[in-house]
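Visitor: Letter by letter, the chains look like this.
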Amino acid sequence: MEEPQEVGDLEIHQDLPFERRNWRAQRIGWAVIGLFVLAGLAGLFGRGPLASATRTSQRGALRVDYERFTRHGSPAELRVTVAPQALEAATVRILVSLSYLQGLQVEGVEPPPESVLISGDYLVYSFDVEAGQPARILFRVIPDQYFLRTAEVGLTHGRERVGFRQFVFP
Amino acid sequence: MDTVFRGVFVYVFLLVLFRIAGKRTLGQISTFDLVLTLIVSEAIQQAMVDSDNSLTGAALLVVTLVGMNVVVSLLKQRFPRFERVLEDAPIVIIEDGRIHRGRMDKERVDEQDVLSAARQLQGLATLKDVRYAVVEKDGHVTIVPKKN
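Sequence lines, in order, name chains A and B. The opening residue of the first sequence carries number -2 in our numbering; numbering runs sequentially from there. The opening residue of the second sequence carries number 141 in our numbering; numbering runs sequentially from there.
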């Protein structure tokens, strides 16, 4: 145990040089806190402007709106839009990479698919569509696995593909 | 982004609510401290537990936390430096009647806090009755009265 100082006739374990460093460290800490909160507001940790992103396939038939940054256990959304010109038949088939899907819980797909098929490394979701309107599909998911996740979404015909990456904060 | 808004909202809401409810509702603890303690423990809980409702999970978590407590107290005992970094050190803000304003500002303690401590701890009426005032490690102000 260190020896106490004598301040007047008070015996006390005061350490002023340490306190000065302490105060400076606290100020730096406050700045870090401020930055952390600002980053959160901006969406760096998900659910904000910095996190929202879009990818469109080469010929524009497929568009995916996703979040670059998400958090484990925290609801997130994946929106897939298929342009009307790409809807040839009465059914549209969307494939999503299995490795991506298995890293999260799919809470729901809106609208519900007519069927879900396992095709190699992909899951194929089939939806009935009416021609002439874009098809909008929403996947409600809860990320499970941490850190960098790679995803691929595509259309079975026309071979349109969109790839993206997501970072899942623990 | 909404996480920050929720935090701010809950904090302000509770602060205002308990302020309106008045002093007697709180007793010993200040609104300020209560709000922080209350909501931090609530905010942290789900992150720690993460949908594990098993006895085993709970036991593991509790044992880990208690273990951490033991490790930290051992480290504090062996390394006085560590104790100081972890828990801060006391600092004298009134020395033989002389007030160290700079230190009081840095510690965010004002005359009101000192007078309140003087009344509570020593039954003293004025600052002139205070010989030493110290901001302790835990943030409380302690008083050594002037001998008369």
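Honestly, the hints are just simulated from the structure, not real lab data. It is possible that part of the hints are untrue.
To be verified - Computed Cβ-Cβ distance ranges for the label pairs, DEER-style: (1) B:Ser213 <-> A:Arg24: 24 to 32 Å; (2) A:Phe15 <-> B:Ser213: 31 to 39 Å; (3) A:Arg18 <-> B:Arg159: 33 to 41 Å; (4) B:Val225 <-> A:Gln55: 55 to 63 Å; (5) A:Ile30 <-> B:Gln262: 34 to 42 Å.
C-beta: ideal position from N, C-alpha, C; glycine also.
Visitor: It remains to establish, for every hint, whether it holds in the given structure.
Guide: Verification of the supplied hints:
no., hint, verdict
1, B:Ser213 <-> A:Arg24: 24 to 32 Å, "holds (29 Å)"
2, A:Phe15 <-> B:Ser213: 31 to 39 Å, "violated (21 Å)"
3, A:Arg18 <-> B:Arg159: 33 to 41 Å, "holds (36 Å)"
4, B:Val225 <-> A:Gln55: 55 to 63 Å, "holds (56 Å)"
5, A:Ile30 <-> B:Gln262: 34 to 42 Å, "holds (36 Å)"
Checked against the numbered hints given earlier, this structure breaks only hint 2.
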